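Asks: Sequence:
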Amino acid sequence: MDFAAPVDYPAVFGALIVLNWPVYRVLWAVMFRDAAEAKESAWFFFGRSLLRSIARGETWKQLSSGGKTGLQMVTVMVLVTAEYAAVASVIDLFVKK
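Going by the numbering used here, the residue at position 74 of the sequence shown is 73; the numbering climbs one at a time, nothing skipped.
Please keep in mind that the hints were generated in silico from the structure rather than gathered at the bench. Nothing here was measured: the structure is a model prediction, and the numbers come from that model. Treat the hints loosely; a few may be bogus.
[What the hints assert, rightly or not] With a Cα cut of at most 20 Å, we get these calculated SDA-like pairs of lysine to any residue: (1) Lys95 with Ala85; (2) Lys38 with Ser63; (3) Lys38 with Ala84; (4) Lys67 with Phe45; (5) Lys60 with Met76; (6) Lys38 with Lys95; (7) Lys95 with Tyr23; (8) Lys60 with Trp42; (9) Lys95 with Pro9; (10) Lys95 with Asp7; (11) Lys60 with Leu49; (12) Lys60 with Leu78; (13) Lys38 with Leu18; (14) Lys60 with Val29; (15) Lys38 with Val25; (16) Lys60 with Ala37; (17) Lys67 with Val29; (18) Lys67 with Ala84; (19) Lys60 with Gly46; (20) Lys67 with Glu57; (21) Lys60 with Ala34; (22) Lys67 with Pro9; (23) Lys95 with Tyr83; (24) Lys38 with Val73; (25) Lys38 with Leu62; (26) Lys67 with Glu36; (27) Lys38 with Val11; (28) Lys67 with Leu78; (29) Lys67 with Tyr83; (30) Lys67 with Ala41; (31) Lys60 with Val25; (32) Lys95 with Leu78; (33) Lys67 with Tyr23.
Just need the whole structure built from these sequences, with the hints factored in.
Replies: The following block contains the structure:
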């Protein structure tokens, strides 16, 4: 399988994204105590600039709280990509001889 190529099996990719929902829930439960902490983390990651946090003296809070959302996003992307690579390589064994 050529990893530089576009997605060869988009239906498999979409199915992996949907079928991993229980994994996303477990990651969310591990990372955040409750919905308020998740909301605050998303706000610091997407909504507030680092310069504004520095000016308000919330630099450490910005980095630690916003980092949780970033780490969760990266973990999900790596997980789905690795699963897709494994499933696509198995499909390639049977389809492309």
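Asks: A separate judgement is required for each hint: does it hold in the structure or not?
Replies: Outcome of the hint check:
no., hint, in the structure
1, Lys95 with Ala85, "holds (15 Å)"
2, Lys38 with Ser63, "holds (14 Å)"
3, Lys38 with Ala84, "violated (32 Å)"
4, Lys67 with Phe45, "holds (12 Å)"
5, Lys60 with Met76, "violated (24 Å)"
6, Lys38 with Lys95, "violated (45 Å)"
7, Lys95 with Tyr23, "violated (32 Å)"
8, Lys60 with Trp42, "holds (12 Å)"
9, Lys95 with Pro9, "holds (17 Å)"
10, Lys95 with Asp7, "holds (12 Å)"
11, Lys60 with Leu49, "holds (10 Å)"
12, Lys60 with Leu78, "violated (27 Å)"
13, Lys38 with Leu18, "violated (24 Å)"
14, Lys60 with Val29, "holds (19 Å)"
15, Lys38 with Val25, "holds (17 Å)"
16, Lys60 with Ala37, "holds (13 Å)"
17, Lys67 with Val29, "holds (10 Å)"
18, Lys67 with Ala84, "violated (26 Å)"
19, Lys60 with Gly46, "holds (14 Å)"
20, Lys67 with Glu57, "holds (16 Å)"
21, Lys60 with Ala34, "holds (17 Å)"
22, Lys67 with Pro9, "violated (29 Å)"
23, Lys95 with Tyr83, "holds (17 Å)"
24, Lys38 with Val73, "holds (18 Å)"
25, Lys38 with Leu62, "holds (15 Å)"
26, Lys67 with Glu36, "holds (10 Å)"
27, Lys38 with Val11, "violated (31 Å)"
28, Lys67 with Leu78, "holds (16 Å)"
29, Lys67 with Tyr83, "violated (24 Å)"
30, Lys67 with Ala41, "holds (9 Å)"
31, Lys60 with Val25, "violated (24 Å)"
32, Lys95 with Leu78, "violated (25 Å)"
33, Lys67 with Tyr23, "holds (14 Å)"
Consistency note: the structure conflicts with the earlier hints numbered 3, 5, 6, 7, 12, 13, 18, 22, 27, 29, 31 and 32.
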